[in-house]
Amino acid sequence: MLCASDYIAKSGWRHGSRVRSARERGTWSINIEPCSRDLRSTSEGQKHGSRRNNDHWTSEEVKELVDGVSVYGVGPWTKLKNERFPISIRTAVHLKDKWRNLVKAFTGNVKRRISPRLDKDCVEKIKRLAADYPRK
DNA sequence: CTTAGGG
DNA sequence: CCCTAAG
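Going letter by letter, the first sequence gives residues 1 to 136 in full-length UniProt numbering.
It is possible that some hints are incorrect.
Distance condition first, Cα-Cα at most 30 Å in a straight line; then the derived DSSO-like pairs of lysine-lysine [what the hints assert, rightly or not]:
hint, residue 1, residue 2
1, LYS63, LYS81
2, LYS127, LYS79
3, LYS98, LYS120
4, LYS104, LYS127
5, LYS96, LYS79
6, LYS98, LYS127
7, LYS125, LYS96
8, LYS79, LYS63
9, LYS81, LYS120
10, LYS127, LYS63
So the derived label-pair ranges between C-beta atoms look like this [unchecked claim]:
hint, residue 1, residue 2, range
11, ALA105, SER70, 13 to 23 Å
12, ARG128, LYS96, 13 to 23 Å
13, ILE87, PRO134, 29 to 39 Å
14, GLY108, PRO86, 14 to 24 Å
15, ASN82, GLY108, 26 to 36 Å
16, THR58, ALA92, 14 to 24 Å
Everything labelled a hint here was simulated from the structure, so no lab data went into it.
Since this is a predicted model, take the numbers as computed values, not measurements.
Idealized CB from N, CA, C, for every residue including glycine.
Required output: the full structure, derived from the provided sequences and hints.
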C-alpha cells in the first residue's frame, strides 16, 4: 500500500532545492496604496525596506480575497484577480491555493493563531463563506 | 488559458 | 509555492 513515498519530503514551498525564486515578482502593491511613493531606482537595491512586495499573503490580500469571494463567489478567480488586483502576478492558481489554505487553517481548529493575526471580521467571513458553498 | 486537485 | 489533469 504505498510505502513511505514522500517524494516531496518538505511540505513547504521549496520542493527540495529548486529555488526558482527571483522571477517576475518586482512590483505589485495591492489596490490600496498607502502612499504613492515608490520607484526608487537608486542604490539599496536588494535590501528593500519593503512592504509587501512578493511572497506570502497578508491580511490586506486576504481581506480583498474574502471580499471578492463574498460577492463573486468561489470559482471566478480570474475575474477577481482582474477586479481586485490586476497588478502583481497572482494567478487563479494562487488565489485558489490561498483560499484552500485559509479554510483549512480556520475550519476545525478554532484554537489557532494565524500568522498575520486576521481580524475577527475576516475570520468570520472566511468561515461563513467556507461553510456556505462546500465545494468538497 | 482557466479551473480544480494534489504534493 | 509548483505540477498535473481536465474543460
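- Query: Which of the numbered hints above does this structure break?
  - Reply: Result: hint 14 breaks, nothing else.
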